[in-house]
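**Student:** Spelled out from the first residue to the last, the chains are:
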Amino acid sequence: MNAPDRRAGANAGAEPAGRPHAGSGRYIGQRVRRKEDARLLTGRGQFVDDIALPGMLHVAFVRSPIARGRILGIDLDVARDVPGVHAIYTQQDLAHFNVDMLSFYLVSPEVETTPLANGRVAYVGEPVALVIADSRPIAEDAASLVVVDYAEEDPVVTIDDARSGPPVHPGCDDNIAAEMGEQEIDEDLQALLEGAPHLIRHRVVHQRISQSPMETRGVVVSREGAEELTLYITCQSPHLVARWVSLALGLPPGAIRVIAKDVGGGFGLKNHPWKEETAVILAALMFNRPLKWIEDRYENLIAANQAREQEMVLQVALDDDGRLLASHGDYSVNNGAFPQLSECNIAVHMFVWAAYRMPRYGFLTRGWYSNTIGYAAYRGPWAMESLIRETALDVAARRIGIDPIELRRRNLVTLQDQPTTSCMDLPLEDITPAECLEKLLAAFDVAAFRREQAAARKEGRYLGLGIATYIEPTGAAGAITTMTGELAQVRIEPTGKVTATMSTHSQGHGTATTMAQIFADRLGVPYEDVTVFEGDSSRGGFSPGAAGSRQGVIAGGAAIMAADLLAAKFRQLAAHLLDTSVDAIVIDEGMVRVDGAPDKCRPFADIACIAYGEPDRLPPGFEAGLEAQYRYQPPPMTFSSAANACVVEVDADTGFVRILRWISSEDCGNVINPAVVEGQIAGGLAQAIGMVLLEEVRFDARGNPLAATYKDYHLPAIADIPEFEFVHAGTASQSVGGMRGCGEGGAIIGAPTLVNAIADALAPFGEVPVDLPLTPTKLLSLIEGRDLSAKTVDDQHHFIADHPVTVPVSAAAESAPQAPQPAAAPTAEALVDGDWKMVLSTPMGPQEMTGHFETRGQALAGYLSSPEGQMDFTGSVDGANLKFDLKVDKPMKITLKYTLAVTGDKIAGKCKMGIFGSAKVTGQRA
Amino acid sequence: MSKHTIELTINGLRHTADVEARVSLSDFLREDAGYTGVHVGCDHGVCGACTVIVDGKAVRSCLMLAVQAHGADITTVEGLAEPGGALHPVQETMAQEYGLQCGFCTPGIVMTMAALTGEGKRPTEEQLIDAMSGHLCRCTGYQGIRRAVRKLVAADTGETVDGGAA
Ligand code: FES
Ligand code: FES
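Protein chains in written order, with our numbering: chain A, 1 to 926; chain B, 1 to 166.
There may be inaccurate statements among the hints.
[What the hints assert, rightly or not] Only some residues are given here: those of chain A computed to face chain B with a beta carbon under 10 Å: (1) GLU36; (2) ALA52; (3) PRO54; (4) TYR105; (5) SER108; (6) GLN207; (7) GLY510; (8) LYS600; (9) CYS601; (10) ALA675; (11) ILE681; (12) GLN687; (13) LYS711; (14) ILE721.
To be clear, the hints were calculated from the coordinates, so they are not data collected in a lab.
Yeah, the Cβ is synthetic: ideal placement off N, Cα and C, and Gly gets one too.
Just chain A, with the same shape it has in the complex:
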């Protein structure tokens, strides 16, 4: 097979009027050499384990060997006597810090979460005690001598266990960590589904994944007196870590400095500190010596938060032409015991049909607690939407007898359809999945492949083609506290060199390179003359760093804006010194010339030097120096689109899958550095291949992790990953510079593309159950028509797909409590009027507010006030029952419908939050 030129470069699309554009330039759009490489290739990077401070001691943890139980006693005596041991702490010692283990959204956890186990353990590997010693080996020796007495209980391990098992957390009614949507499918929707000519019921089981950055977690903590704390930590944003630590520990933010120069990958695991890092920080505050903890790989695979482990059933109704009519999704995700965020992944439903013309969609989405390590993000946390939709569409195509490409063409939203809104009310203006699909098909001859496939089948070889399309929200800012704009600070030094400080952070993203490309282009200086600093919370301003494919879009915009401000200032000075107009100034690789006057020419550095050192020569009112900064706030969301194709051969004798070809046709808008963008996509695609074929965190029935080394947890190696071919579309976005995010896309689109290819190859044998990973054993089971796994009867039941899935309706179905009807009811005024302290339990965490009610007959008026502000409402009252609506704009335009009932001094009920489902409201008189 002949690969087209994978370097078919970015062709810059049309720019929106009135915005500074990036397009391609001397450096922007070019494959410029990375600034980071020189140090990383020579072993001079600075990762957290490379930090050694005077007086530093080492930490190891005592971890729970059981998944669930009470701690009856902890005996530290023998361990304390080991020479070289300085201290051993348990949660009792750390309790007085009252740490608030916040989520990425800076919301308090739903269930009690402590750095070390507090009287109970809830997963294998949970840290129970922390040992401080002269060296790590000594700390480990001592940790092994700590004796913990447990009263073991039966654990809740899987999502199925969680549905019926005893609550993981004492005090909870059930194991539901978060829930949104409707318990029962709406009657109209049910009628649409059942009445459709074709109804596909598609089930996907996604295994649990270890993010597995090659650098494990780690932290070095140094307390410098009461007012200063320095953290070296492997993370995704030093600024976010500083903010998190300040809020979680109640420390003054100015006292905390977080440094993370080089980080060996994050992928969602390293957004903020969790149990171990927090325990080390507290221990350092108590013990007053610098402490280091570097997670080993065994700890990382059993006790670092993990991701995915989801099940979803998607019903899709289509007409005979393959047009989409209606759909329903039922989704569950295992949150483990202490998730970094109690998550039911609403984004799965927001995006499942966003790129398709789907008239009607309903859903139920739930997160479940279990006695396993807690949930954390992983590249494209909502990726199930693309996996289940794109695989369901291929099942539908086979069932109806339509070509899968044609099926997509009939249903995808095209540029011509826009602006429009999705079935979940997402505004769409410039998504291009349909256009990416056509570009993909121009690069891949489907007809020729089908001939090859037919010929191969005659020889008993099974080739398959998988195609998938998707859109991805990137560069989001403004709807969630921590998802902000980015800050660029840039200066032309007196030497004429350019130094910038960015709020960005790289865990391999190459932001020091891409941002330098922008500065060099916009300021007219050589790329070599630009240095970008990042990775230190004492520099630049707040940003969440690498999260949500945002840095290229937002920081790129900030860099353009700041550079343009600085360029204007420089030109003003140059024009003054060269006695010409600003428009006549030409800056070219270190020289400043006057257009049309070749003799008028000065070195760039001379002008820079004057700006700082010779105030008398500056124009009147000119601020000395050459410095500028800009915080860019992008549009709320920027969409990227893609269509991918891959070709596989499945060996019918062994069940092994070989990937023969893979093309990524994507629209990342204007591309700053194609090599960096392709690197991001390729890395994501490789992770997707790992998800589909290799990786799996498994547990036994007692909750013991079964993949505790890389011999058991199979990361893809070079032989597993094909060469990817790239087609870039380059449709400029609405953001400054026209970029679109590219950080997560490969990890999202890769899985359905590969699953579809395997399913196409094995179509002669029936439908491939999408139960990841698709191991040779599972595929051979389909090929040979018998179950070859050594699994239990129960698991076989899972494996044989398409069996009806019954989802038990939770016993905790919420409904507005009925107010008691006393014989002589007091007036509504007496019952209701006044101030109430209320808590709304949203999926983002509890929100406290004060409600003020005034009744007049059947009419209700009042306001809800919270730290975010006060909102007035009017509504109705019937005895002790209140009803009122509030319209809000954030995180999107929805109407909140409150139904509350008063019982004495208590108030309770629910709030319907549009597509976000219902939330419980409780409260009492203020």
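Assemble the complex: chain A is given as a structure, and chain B with the ligands must be docked to it using the hints.
**Tutor:** Just chain B with the ligands now, kept in the frame of chain A:
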């Protein structure tokens, strides 16, 4: 725990040290000798990040004890470039081909490439890719590493290679 005296050469310099028998070569190189370019990604011989050259051979330093290196001549990634700063051809090729992102796996990959291509050795592309299959990289999807392999093999045989970075 008893200590043993070892003498060895690291990046051309003589070292003498007293080490516990249980200390791995990777920990010794990082913590005692100060070569933090030796990265430990798994500590159980799978990821390849800790690879160094011991007496001419690429070795996973997490699987070897420091005491076993007594008398050995070791090169770490810090010793690969010219003292003046010019990158080793393997390092240069990796940079040109965007063979790294976070750079954590990189020292090991570079050392295996250097061990297999140095001093007139002429591996085939297949042999070098085979060797690379012992290195885990979570960031790059191995695209640049594969291109670098191809370029290194071609450079050895004098062939030109298609697909180099612009
Ligand atoms: S650290 Fe030695 S092979 Fe992974
Ligand atoms: S570059 Fe990050 S692990 Fe290879």
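**Student:** Looking back at the hints listed earlier, which ones does the structure fail to meet?
**Tutor:** 3, 4, 5, 6, 8, 9
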